[in-house]
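Novice: Sequence:
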Amino acid sequence: MTTPLNERRIANAIRVLAMDAVQQANSGHPGAPMGMADIADVVWREFLNHNPTNPQWANRDRFVLSNGHGSMLQYALLHLTGYELSIEDLKQFRQLHSKTPGHPEYGYAPGIETTTGPLGQGIANAVGFALAEKTLAAQFNKDGLNVVDHFTYCFLGDGCLMEGISHEVCSLAGTLGLGKLVAYYDDNGISIDGEVEGWFSDDTEQRFKAYGWQVLRVDGHDADAIRQATVEAKAETNKPTIIICKTIIGLGSPNKQGKEDCHGAPLGKDEIVLTREALGWKEDSFVIPEDVYAAWDAKAKGQTSEAAWNELFAQYQAKYPTEAAELLRRINGDLPAEFAAQADAFIAETNAKAETIATRKASQNTLQAFGPLLPELLGGSADLAGSNLTLWKGCQGVQENPAGNYVYYGVREFGMTAIANGVALHGGFVPYVATFLMFMEYARNAVRMSALMKQRVIHVYTHDSIGLGEDGPTHQPIEQIASLRGTPNLNTWRPCDTVEAAISWKSALQRKDGPSALIFSRQNLPFQARNEAQIQNAAKGGYVLAEEKGELKAIIIATGSEVSLAMEAYAQLEGVRVVSMPCAEEFMKQDAAYREAVLPAHIRARVAVEAAHVDYWWKFVGLDGKVIGMTTYGESAPAKDLFQFFGITTEAVVAAVKELTA
Numbered sequence: 001m002t003t004p005l006n007e008r009r010i011a012n013a014i015r016v017l018a019m020d021a022v023q024q025a026n027s028g029h030p031g032a033p034m035g036m037a038d039i040a041d042v043v044w045r046e047f048l049n050h051n052p053t054n055p056q057w058a059n060r061d062r063f064v065l066s067n068g069h070g071s072m073l074q075y076a077l078l079h080l081t082g083y084e085l086s087i088e089d090l091k092q093f094r095q096l097h098s099k100t101p102g103h104p105e106y107g108y109a110p111g112i113e114t115t116t117g118p119l120g121q122g123i124a125n126a127v128g129f130a131l132a133e134k135t136l137a138a139q140f141n142k143d144g145l146n147v148v149d150h151f152t153y154c155f156l157g158d159g160c161l162m163e164g165i166s167h168e169v170c171s172l173a174g175t176l177g178l179g180k181l182v183a184y185y186d187d188n189g190i191s192i193d194g195e196v197e198g199w200f201s202d203d204t205e206q207r208f209k210a211y212g213w214q215v216l217r218v219d220g221h222d223a224d225a226i227r228q229a230t231v232e233a234k235a236e237t238n239k240p241t242i243i244i245c246k247t248i249i250g251l252g253s254p255n256k257q258g259k260e261d262c263h264g265a266p267l268g269k270d271e272i273v274l275t276r277e278a279l280g281w282k283e284d285s286f287v288i289p290e291d292v293y294a295a296w297d298a299k300a301k302g303q304t305s306e307a308a309w310n311e312l313f314a315q316y317q318a319k320y321p322t323e324a325a326e327l328l329r330r331i332n333g334d335l336p337a338e339f340a341a342q343a344d345a346f347i348a349e350t351n352a353k354a355e356t357i358a359t360r361k362a363s364q365n366t367l368q369a370f371g372p373l374l375p376e377l378l379g380g381s382a383d384l385a386g387s388n389l390t391l392w393k394g395c396q397g398v399q400e401n402p403a404g405n406y407v408y409y410g411v412r413e414f415g416m417t418a419i420a421n422g423v424a425l426h427g428g429f430v431p432y433v434a435t436f437l438m439f440m441e442y443a444r445n446a447v448r449m450s451a452l453m454k455q456r457v458i459h460v461y462t463h464d465s466i467g468l469g470e471d472g473p474t475h476q477p478i479e480q481i482a483s484l485r486g487t488p489n490l491n492t493w494r495p496c497d498t499v500e501a502a503i504s505w506k507s508a509l510q511r512k513d514g515p516s517a518l519i520f521s522r523q524n525l526p527f528q529a530r531n532e533a534q535i536q537n538a539a540k541g542g543y544v545l546a547e548e549k550g551e552l553k554a555i556i557i558a559t560g561s562e563v564s565l566a567m568e569a570y571a572q573l574e575g576v577r578v579v580s581m582p583c584a585e586e587f588m589k590q591d592a593a594y595r596e597a598v599l600p601a602h603i604r605a606r607v608a609v610e611a612a613h614v615d616y617w618w619k620f621v622g623l624d625g626k627v628i629g630m631t632t633y634g635e636s637a638p639a640k641d642l643f644q645f646f647g648i649t650t651e652a653v654v655a656a657v658k659e660l661t662a
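Those letters in the sequence shown? Residues 1 to 662, per our numbering, in order.
Hints were generated in silico from the structure; no laboratory data involved.
Check the hints yourself; a few may be wrong.
Listed next, with one range per pair, are the computed distances between beta-carbon atoms [claimed, not checked]: (1) Asp-471 with Arg-604: 35 to 43 Å; (2) Lys-234 with Trp-618: 51 to 59 Å; (3) Ala-138 with Arg-444: 26 to 34 Å.
Virtual Cβ for every residue (Gly too), placed ideally from N, Cα, C.
Could you build all of it, start to finish, from the sequences and the hints given here?
Specialist: In structure tokens, the structure reads:
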């Protein structure tokens, strides 16, 4: 090792802060921060272009800690380099409402670019950051005025590379040639259960070469080697780079380094004393000497970097005022000022057309109308563009045109969704991604992360029920809609026709504080006539589609393809109203008066009908109501036969209402 003593002392600041914070919390993972401290020292002090005084600077480099259990590494770095994260914040590690939760969480500490912890998703987010940077740069940079020009650096560990998602996203990153993505693999050979050679013997170097990455190997405790490898990584702009860093987990701990003992537990007070001695660190717990703080302080350097970029952007603005304004609008996440009115005009036009088509086709028609208005859309599908109908006439693949607006993700549902999270976090884009509803299951945790991080990601799911027919139970969703509705901060839309489909898209696009799942049918669905007030109320998630004839005695609640069944039943009944509820989450956000107007509390005769698992609807119908839907898996047969076999029919709805009102 050639690392100078003073440089090692600078890196040791990370080690002592990590072990002290974990010890104080009596919980956490000191091993990775201590093992990766030398890598972090080089990357953060010499290469990372960031401004601690303005964590939201648009052209900053992005840093992702994919092995998020090592969160004290990132918190220590943010504190040392000058972000608003105090030593008191570090002392509150893993405590209630602290800025330093157990895993890095977006929106808590400044400088945290994404929430990590579920292993493998951090590298997926990093691919999304790099994809967004490359695409945005191609769309806006002109004449050497490279106003979008930054790198994405990602730290990851053995666990990340074992997770299947890493294969999906790293393969795609190589295919897309994301040359401004640099990953550092903490190759310490240890996981929770011990030495990984018994369950992870991959040739990582050959694996990544096969993906089309540049692969470099270094001693992860040799600053000169890390420095040189990073220079080489940045010079290779046509391929992403992974730097395989051979490290010792928990480096500095005399009795626990190199062992699983330090992976996920405090070192212990006695071992911390010994570690301080081994590191030559004489200061007390949570005390960093002023000269070490000075070596880490990145505020002045960051301000200089941002000032230089501001000058560049001013030149760009003078030469390309329209493009500059557009870039700022997109970075701020604002939709065009005229979008809402244009969307409403399209919805009115759609209502006038009164088409009976599949809602997946209605979705495509909406994209065709909205797409030209929204250059920030970055779409994609998991090898199902022709089935999900996510392509519109203005789509260009980023593979062929770096300034394009569509990603052919291949069969990578989980990777696709986590990449979209990174794209959204980067800014400048509103990503939408698509697959069959059944295969949402592959992407489930990334959908949850969209919601947890409050990101505007639009999840498009088609082939939404037994209505897809002959493909059978492996492809027929049953419990998936209930699962999505059970996800906090996710709006789940299941529109019944062309108008509700357009409304769902408008809502998802305008929602800045969370994701939406748009669920569309394979089969044609009848158009439902509405007046202007009903169109406005549809955006509230639930509304009266058909008013009762005479005194109100019963309510039928339906979504999607089953709204037409409800309307057919309505035609045979008296004193019944039909409530279409395309988005229960939006409905529940409405004030109590509106909800009471739609679902009067005194009307207990309620029937819900949906070709999905019945459990969700009891909250609306009560135990004295009835739910018509699915409680088992489907079958392989024509859709019409399946609805009849499972009793999701007009006759069943009529019978249920009559039983409740008898």
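Novice: The hint says 26 to 34 Å between Ala-138 and Arg-444; measuring C-beta to C-beta, is that right?
Specialist: Since the Cβ atoms of Ala-138 and Arg-444 sit about 32 Å apart, the hinted range of 26 to 34 Å holds.
Novice: Within 51 to 59 Å or not, the Cβ separation of Lys-234 and Trp-618?
Specialist: holds, 57 Å
Novice: When you take the CB atoms of Asp-471 and Arg-604, is the distance between them in 35 to 43 Å?
Specialist: holds, 39 Å
Of the numbered hints given earlier, the model fails none.
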